[in-house]
Amino acid sequence: MMNVPVEEKIFHAQKAVPMDKHNSSISIKVKDLNVYYSSVHALKSVTLDIQKKAVTALIGPSGCGKSTFLRTLNRMNDTLPGARIEGSVIIDGVNIYGSEINVVALRRIVGMVFQKSNPFPKTIFDNVAYGPRLQGIKNKSMLEGIVEESLKKSAIWDEVKDRLEKPALELSGGQQQRICIARALAVNPEIVLMDEPASALDPISTAKIEELIHELKKNYTIVIVTHNMQQAARVSDFTGYFYLGLLVEHGETKKIFTTPDKKETEDYITGRFG
Amino acid sequence: MTDITQELTRKNHHPAEWLIEKALFISGIASIVFISLIFLFLFKEGMLTFKSVSPLDLIGKWVYDPYDEKNIFKVMWQSVSEVPKYSIVPLVCGSFLVAFPATVISSVFGIGCGIYLSEIASARVRETLKPTLELLAGIPSVVIGFLMLAVVATFVQDLFHTKFRLNAFVGALGVSLVTFPIIVTLVEEALRAIPKELRDASYALGATKWQTIWKTVVPAAVSGISAAVLLGFGRALGETMIVLMATGNAALVTLDMFSSVRTMTANIAAEMGEVVQGSEHYYVLFLVGAILFTMTFVLNICSEVVINKMRRKLRM
Ligand SMILES: Nc1ncnc2c1ncn2[C@@H]1O[C@H](COP(=O)(O)OP(=O)(O)OP(=O)(O)O)[C@@H](O)[C@H]1O
Ligand SMILES: [Mg+2]
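Quick mapping for you: the protein sequence lines, in order, are chains A and B. Quick note on our numbering: the first sequence kicks off at 1 and runs consecutively. Quick note on our numbering: the second sequence kicks off at 275 and runs consecutively.
If you are wondering where the hints come from, they were derived from the structure by calculation, not from laboratory data. Accuracy of the hints is not assured; some may be wrong.
[What the hints assert, rightly or not] Pairs of lysine-lysine, DSBU-like flavour, derived with a Cα cap of 35 Å:
#1 A:Lys152 to B:Lys583
#2 B:Lys470 to A:Lys152
#3 A:Lys138 to B:Lys404
#4 B:Lys318 to A:Lys153
[Claimed, not checked] Below, a sample of chain A positions facing chain B; criterion: calculated Cβ distance under 7 Å:
#5 Thr79
#6 Ala83
#7 Val104
#8 Arg107
#9 Arg108
#10 Met112
#11 Gln115
#12 Tyr130
#13 Gly131
#14 Leu134
#15 Val187
Where a beta carbon is used, it is the ideal one built from N, C-alpha and C, also for glycine.
In isolation and in its complexed conformation, chain B is listed as follows:
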């Protein structure tokens, strides 16, 4: 073998490098494996519901009413009852009645704050605001829940004269405190990703700072901003402790923001502890978990797709 062939066929990899590479690969795919396992587990357990419960029961159940001498279609969640009723409709209503207002509130303020941080704030203001946001993000949700339950609920009741002291709106306020820092961070990132060249182009055409923000930077980042909102919504759907404490937990079928509600998450958290393992009730709770997981999963996929769209649009 000549020197050159030797050089050309030389392996670049050290055995240790090979090992490290594999280890990194395994940690890289670990998250995929975990997600798949959780998914499988939830669905496997959830599907066992249908051994004894018909899919229609998840909407409502015909129950004979001795007072009315009739069969009545009951759309309710009454898991501990002589005739258990497992309608997920009130739970889904509850989840959306909390997550939707929470996302709206935190998006309005979060997008505003993100724009301020990325485009307007001086370096000094930014350096104070960002750690504060991180602090907010670090508050345990049980603390927020307690605050809502003990203080904010009274305020809200005085202000809106609501029938229920604990209601979906109080929960939504609490949840918006959780989603707000998430949305701010993601919006700020999306805006910062807009290349300086685009801003320069706008300025060079005689745009003011505000015109540049509204007509160039924000439109270019609109996918990233939408993704932030979607992720915030997913997070709001998944929030448990705050809603468990602040929404009153009455599983009502309602579209009234000021009514007490019970969310899917709070329902699982409240009932899972007492349920008999392997019972019908136990499997239904898993099914509710699986449905919730699917919703947040779809939201995450959507936001991913939306972000990729932005990258393509900007050729980044």
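If we strip away everything but chain A, and leave its shape as in the complex, we get:
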């Protein structure tokens, strides 16, 4: 069918994306980012540097634009009708809103895990192998290797290794979410975005995901949205506080949670507001 040539094209296009790796510690540079949904001004001049191989947590009350911000980083907003974006997001020296950017290739570099676990109605194996297969990998043993490695990295290998051919939807919510993480890692991204990945999970599954995030930051840049202050404090190295589309404050998590510069931040964190 027609997907073969398309696949080929993208596979090559991915290599064409310039990725000049300068040894800076900054993974994503966001400058003057504005997002509008038809009439809603959802993000207002957000400027923020996201550190490499660290966890950045985004906090703030509901509707303040955290998810919107996260989706600008892999251009998932492109799929929303009526969304308009201004400003620049620079990843490894390339503005991902530049005219020559291959969005498909970008999304392989910037993976995403959603709030509601959304495995495909396929087997566990096929879920994790989905991304690699898109890139044209057909070799069975190669796929098996990738699947195993990704599931191990996502701390779910032991739980599912005997039932890789079972539907992913038969797993528990927490297991499904880790399958989704494995699926994202299987594409070998550099950055992983997580939108409230544990909000629908029980405390034990949440603890597992947090542990996992801790492990993952050795190799990946992680940006996580969370409503849970303790979670932000536990897992993140940096924290950004959003309010009404503005990035109110951003800095090291330790500082934000102990001596924030802004009164609003302190009020939100201590629960006096929000």
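Based on the hints, put chain B with the ligands in the right spot on chain A.
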């Protein structure tokens, strides 16, 4: 009684609400009652066939042939004859020779069109295409039949050099015009039911739009699409006017798509008007109707089962 007990034991139902609820319930089960009644009636009348006709006669009949001095097993439908022959084999052949190609044609185009409408077409294109489809669905089948008979049959004959001008294929083309909008609508619905989260997951893994359609959306909707095809097939089996006009109505035992055929439906429509009520012939026609009804009923059940399977698979 205290206030609280009074409150706790208060009836929530107003008498009028009770009445409305019952009325809705009755209209709800009315369809079940009607179906059961039709079923019962068809079968009761159809079974009376076997008063004078043996079940084997429905396949074929041994008839003495004076020219051959032999008994010959005749697999044919000749209801008005000195020795009536009621083999349903040619009728079943005819029905399938029309319904099957019609379903194939309308599925190929219908699934394509459904995918286009749900996944690719802009809102504006969709807003023009959908009313057009409804228009197509609203064309009386006698008009389609006439078109097939008067125009398309000639085209088909010129193109394929067929022996018969009116044949199963011409009928199938006409019937596919009826099943096409049904299949498109059902396929589109099945695709739209696929949650946005699944598409997002695919895009986020670096899939293109086409990859997302072929590897996520269509596979997730495959049960719904199969159900659409099954329902289309059921509808094709039941179509009457078009086949009556366009297939030539010769009750031949054949597997040739370009031969004239007579379907079960056309047979009933053509003969029911002249048959003597309560005669053997009359009961056989009912039996044919009952068989047809059973086939479409089974197809509908199958598609229902298939749709439920999809719901379960997607946890919807
Ligand atoms: N698809 C959309 N179309 C229109 N407006 C949207 C859309 N998505 C978000 N918005 C608006 O943009 C603003 C920011 O929404 P966003 O989802 O980013 O908030 P959030 O911080 O993630 O909230 P929550 O914590 O509840 O998830 C809100 O005012 C919301 O109503
Ligand atoms: Mg959100």
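Against the structure, the hints come out as follows:
no. : hint                 : verdict
1   : A:Lys152 to B:Lys583 : holds, 32 Å
2   : B:Lys470 to A:Lys152 : holds, 28 Å
3   : A:Lys138 to B:Lys404 : violated, 39 Å
4   : B:Lys318 to A:Lys153 : violated, 67 Å
5   : Thr79                : holds, 6 Å
6   : Ala83                : violated, 14 Å
7   : Val104               : holds, 5 Å
8   : Arg107               : holds, 4 Å
9   : Arg108               : holds, 4 Å
10  : Met112               : holds, 4 Å
11  : Gln115               : violated, 9 Å
12  : Tyr130               : holds, 6 Å
13  : Gly131               : holds, 4 Å
14  : Leu134               : holds, 5 Å
15  : Val187               : holds, 6 Å
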